[in-house]
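J.: Residue strings, one per chain:
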Amino acid sequence: MATSADTHCPYCALQCAMTLTSPAGLAPASQPGPGPAPAPAGPTAPPLLDVAGRDFPTNRGGLCRKGWTSATLLNHAGRITEPLLKGADGIHRPIGWDQALDLAATAVKDARARYGADAVGVFGGGGLTNEKAYQLGKFARLALGTSRIDYNGRFCMSSAAAAGMRAFGVDRGLPFPLDALDTASTILMLGSNVAETMPPFVQHLQGARDAGGLIVVDPRRSATAAFTADGAGLHLQPLPGSDLTLLLGLSHVVIHENLVDAAYVQERTSGYGAVVRSVNAFWPERVQSITGVPADLIRETARRLAAGARRGGSYILTGRGVEQHVDGTDTATAAINLSLLLGLPGSARSGYGTLTGQGNGQGGREHGQKADQLPGYRKITDPAARAHVAAVWGVPEDLIPGPGLPAVQLLKSLGQPNGVRCFFVHASNIAVAAPDANAVIQGLRSLDFLVVCDFFMSETAAEADLILPVLQWAEEDGTLTNLEGRVLRRRRAISPPAGARSELWIMARLAERLDAPSTYSEDPETVFEELRRASAGGLADYSGIDYAMLDRGQAAYWPYPAGSTGTPRLFRDGFAHPDGKAVMVPVAPRRRRTPAAEAAGNPTGPAGTPMTLITGRLLEHYQSGAQTRRVPELAAVQPAARMQLHPGAAAAMGIGAGTLVSVSNGRGEVVCRAELSTAIRPETVFLPFHFPGAESANRLTEAATDPVSGMPEFKFNTVWVRPVTAPESARMLQTTEAS
Amino acid sequence: MSEQIVIVGFGPVAARLVDELLPAVRSGHVRLTVLGEEAEAAYNRVLVADLGVGRTTADALALTDTSDLAAEGVDIRLGIRVRRVDRARQQVVLSDGASVHYDRLVFATGSRPVIPNLTGINPDPSSPVLPAGVTALRDLRDAEVLRQAVDGGKRVVVLGGGVLGLETALAASEEGATVTVVHNGPHPLGRSIDRGGGAVLAAGLRRCGVRVAGNARSTGVEHNAPDGGFSALLLDDGSAIDGDLLVISCGVRPRTELAEGCGLSTGTGILVDHRLRAHHEPHIFAIGDCAEVRCPDPGCAACRHASGPSGLVGPGWRQAEWLAGYLTLLAEGADADVLPALPPEQPGVVVLKARGMNLAVAGDNAAEPWDEEILTAGAVNGRPRRHVSQWADPEHGRYVKMTTRGGVLEGLLAVGMPRTAAELVGLFERGAELPADRSLLLRLDGPDQLPGGGAADPAGTVCRCAGVSGAAIMTAASDGCSTVAEVSKATRAGTGCGGCHEDIKGLIERHFQAAAA
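Line order of the protein sequences matches chains W and Y. Taking this note's numbering, I'd label the letters of the first sequence as residues 1 to 739. Taking this note's numbering, I'd label the letters of the second sequence as residues 1 to 517.
In short, the hints are calculated from the structure, not lab data. Computed from a prediction, not measured in an experiment: that's the story for all the values here. Even for Gly, the Cβ is constructed at its ideal location relative to N, Cα and C. You can take every hint at face value.
Reference excerpt, derived from the structure (chain Y facing chain W, CB under 8 Å, subset only):
#, residue
1, 64
2, 65
3, 465
4, 466
5, 492
Some but not every residue of chain W turned toward chain Y, in silico, with C-beta under 10 Å:
#, residue
6, 60
7, 68
8, 277
9, 280
Use the sequences and the hints to build the structure in full.
T.: Shown next, in the form of C-alpha cells:
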C-alpha cells in the first residue's frame, strides 16, 4: 500500500517542501527501531521513494535537481549499513553495534584518563536536526564532560551571526518571512548565488526584477547576477576582498546625498555619528579605485535602495561570498549599517537578512553545538544561562564546562599536545570542507581515535577508526529551522536499513556506557520537549512550539515563547538590546595582501601566474559533495572540478578550454581542467569546493580567521596557476587512477 | 616609557594619525596634543566642493569627534596658531602665549591655495587678502561663499583647469550656476593628459553645460559689482570674462613657514627621509601635504625620481598609518627601526569626482603610439620598451589610452568609459599585466557583457535547475503537453527558479507551429 509523508528537502536552508511517496509502504512511526529494509541496490536501482514538490510559501512547489534526485541515495550501493572498524591494515570491516559502542566508550575513557576531559572533541554539523544538535551539545558537555565542541556552521554563518548579534542583539538569518521579498522594489544581494545554491528562491526576486531593482554584487557574473540583465537591475563586479569598501562607499553616498532615514536613525539606532565619520573617507571615486566598481554605479545603487525603501520596500541580503573572509563580521556589519541608515530593519516592508546555507544552519546554530553557546542561543559564560540550562538538565551548574574552541582552532588542535586525541564527527565532511584541508587530514590521522557518523564513506569517514552508520532524512522524524527562522517538521517516509541508527540512539547508548548524568532520549519528540524547556527565555525561544501544532501546518517562527503566537517579523517594536535600539558599529577595511604583493614577497613560490582564488558552489552539488557526487544524474553533469578563468588571462598563460591546470600555493595543489568564461574577472579564478583529493579547493584556502567570529578566509586566497605539461599530466592521471 | 607627541595641524591626515595613535594613548605610552588652526576639528577636505554646491552637509564631513578624543585623554586645542617651534627646548609656542613641550613633533600643516599674481588681489603669498567675490576652495568658509553663489544661480568663473577646478565647475553647473572654466594651455588638466583626451574632455565639459576658455592668460580682476566685489576676470588679450564669483583653483603650496622658521630643511615641502623624519632632527616629523619625502642621501635611487607632495590625501593617510606605528614603537622604547621604511608612493591616480563625466588618469600619457624614439628610450639591458594602445571615439565622448612597459601600465587615461577606467586604475595600482588583447578592456562598458536574450536552443539545457533539455521539452510537447504547467509535470522543467517559463512557452509554440505547417 502506497503511503506518503510531507517533509522537506534534505539539502539546503531553503528546505523546500516535498512529498515522499513510498510504493512499498511505511513502517509505523511509533516503532522507532529499524524496520524491515530493502537491501542496498546498485546505484542505478530505482529509488524507493517518489519525490514531488509541495506547495509551501518558500518554494511554491518548486525543487531543484538536487531535491528531485534526493531519494536516489536511500538505497545507494555505497550506503554504509553496519558499524565499520578500521583494521591494522587500514581496511574497514563490519562489527556489531555493541562492540562498536564499547570501543567508542573505551576510547573516550582512555583519552579522558590520560589527558583530561578536553582531550575528547566533538564536531557537529548544520545538517543535524534541532533535536540532534541540541542533544549533541548536551552529550558533549555532560556525557563527555568536554568543552571542545564546535561545528561546521563556523565555516558558514558565524560572521553574519556575530554581526547580527552585535547590531540587533539577536541573530535570525531572515528576520522576516521569505515571501516578504515578493513585493520589494529593490533587493541588494551581496555574495550570494541563489540561482545555483537554492534555485526556487529566485521566484521571490521576480517582483524586484520587474521593478528593475535586483542588484547583485559578485566578482563573477553568476547565474544570479545574470538575472539582472535586460533592465532587471544592476550587477556590481568588485575585486574579490573589496566588499567591505564597497559597502562603506554605499553608506557614504546615502549620508552625503541626504538619503538617510533621519527619524528612524534618531529613534531606533545608536552610533550614527561614529558611522558618519567612519565612511567619510570612502567617496565613490575612491571606492571605485579600490573595488573596480564605477562611481556612478555606486551612487545609483545607493539611490535605488533609498527610493525602494520609500516605495515597495528595499532589502539587503548577504551571503557567504562577503562573509567568508577574515573581515567577514565587519563586512556583514557594514551591510547592516547601510540598512540601518536607510531605515530598513524592523520596518513593515523592508529589511536586512543573511541567507543561511545548510539545511538546519539556523536551528543548528541556536541550541548548543557552538563552542560558546548553550541552548536557546544562550551564552555559555552567562551565569543565568548556565543556571537555567543546568536546572533543565538536572545537574549542578559547575558540571557544565566553559567555552571551548571555535572550529578552526579546534581542528588545529587535533593530535597536538593539550589538544584533542579522541574525536567525534557528525554530519560533516571536514576532510574536504574545512580550510587548509591537507592540514586537517594530517590532524585527523594524528588522533588516537576518530569516530565518524555518516551514511556514506565520505573522505572524513575514510580516515575514521570507527564509522557508525546513521539515518537519512526520509528515515527519521524531527524538526529543522529554515532560513526564515521557521521551524519545520521532517517526517519519516520509509524504514531505514536494518543496521543504521539515529545519532540520538547512539548518544543515548554511549551515555549509558559512560555513566553520564542527566537523560538522553532516542525519541525526537521527547528530545524536542526538553529543548523547548531549555530554550525558554533564551533569544531563540522555542517553548511555545510542539510537534502537534507543526503537524497541523501552523507557521512557527521563533522567538515563540509559550503562550505567544511566534514572531514572523522581528524588530517591529524594537531590537533585542536593553534599550531597544540597534547598534551601528563603525568598521574599516584592514590592509590585506594582494596576490601581486604575495607573489613579490614569495619569489621562490610555486611556478605559474599569481591569481586570486574564489570558491563556491555548483547547482548540481551540495557542500563537500559526499551525497550529490553519488547521485548518478548529478555526477553526470558535474563529474569533476573545473577551474573557471577569463579567456584573456588564459591566453596569456597558454591555457585553453579543457587544459589540465595546476592551481597551487604553499598549502597545497589542485589539478583539474580549465573552463574559460568571460563571466569572471581577469585576475580571479573560481573553483567549486565539492570535490575531494586532487580537486579539493580547500587544500588551497587559508585557515586564518576573523577575530570576532572565527570564520576562515575562504574567498580570497592567492594561488599560482599554470598549465600542466604533457609528461606531468600522464604521471598525474596514472596516480589518480591508482588512488 | 611615555612620550609627549604634539601634532601641528588637524586636517584629514592628522586625524588619521590621531586615530592610529589612540591604542598607544590608551596604554599610556603616548600623551597626545593636537593643535588646529581652524575652529573645527578635522573634516574631509576632499568634499569641500560638494559642500560648496549643496550636495552634502558640514556634519557629514566630520572625520573625528573631539569629545570622544578628549574622553580618551587626547589634548585637542582648536582655533589656535603655533607661533614658533623652539627646537632647543623642544617646545612649541602658541598664539595664546602658552607653550607645549614635545618629545616628538609632527608637522601636519597641510597646504594652502596658490593665489596667482593678479592685479586687484593682494599678492602676499602667506596671507592673501581676497577681495569680495573672490575665493579659493579649501575650507568650510570657502565652501559657504560658493554655496551662496550656487544657491543664487549666479555666474561662477573658475580659474584653473586642474582636477579640483573641473570638479567644482561641473558640480556648480549641475546645481544651477552658470560656470566658465578659464585655463591656460590647449586643454584642461594640463600635462597629465594628452591632446586627444583633452579634446574629448573639453567637449564633455561643454556638453555638461560648462563654458571652457582655453589658452587664456589672466592678468587681473575687476571689482565693479554693486557691492564693490568681483565682476570680471581680465585676460591678457584684453578680453574679460564676466561673473559674480571667482573661484581660484590654481593648485596648492605646502605650508612650510613654521618649519623654515625653526631652521628645518625645506624644498617644495618640509624635507623628510623614508621614515618621515625631518633632516637631521630625530624629534620632528612631517606628513601629508606639507611633507616632501626626499632623503639626505644624494645617492638614494628612490629619491632621484621623487616628485614633491602629490596633493592627494591617499598618500598622506598611508604616511599617517605608518608613522603611528613608528611613533608607538619609539614611545614604547622598542627598536623602532625594525619597522620597514614606508614604501615609496606610486604615481598618483586621479579620478574625476563628477556625476556627468567619467575620467581617470595616472602616470605618463604623453607618448603617441607611433613615437618610436620616445617609446624605445631607456629600453636597454633587457628592459622592455613602452607601447601605447589607444581608442578614440570623440563623437560619443570616449577616449582610452594605455601606456605599458612589459604589459604593465605606466600611464592610463580613460574618458567616458567608467568600467574600463575602474579596471585600468586597479591594474595600474596592482602593477598587474594587461590582457594581451587590450580590446577586452574596452568592451567592459559594452552591451556584449550581458547575456543575450534570444530564443531557447532545443539542443541545450533550458531548465538549469532541473537539468532539462529543450529536446525533452519538445518531446513532452509532442506527447501532448500544451502548457508550461503540463510540461513541468511531465519533465520537471520550470520547477526550480521558474526563470525558464518563457523559454518553455516558446518551445511549445514552436512545436505547434511546426505541427500546423
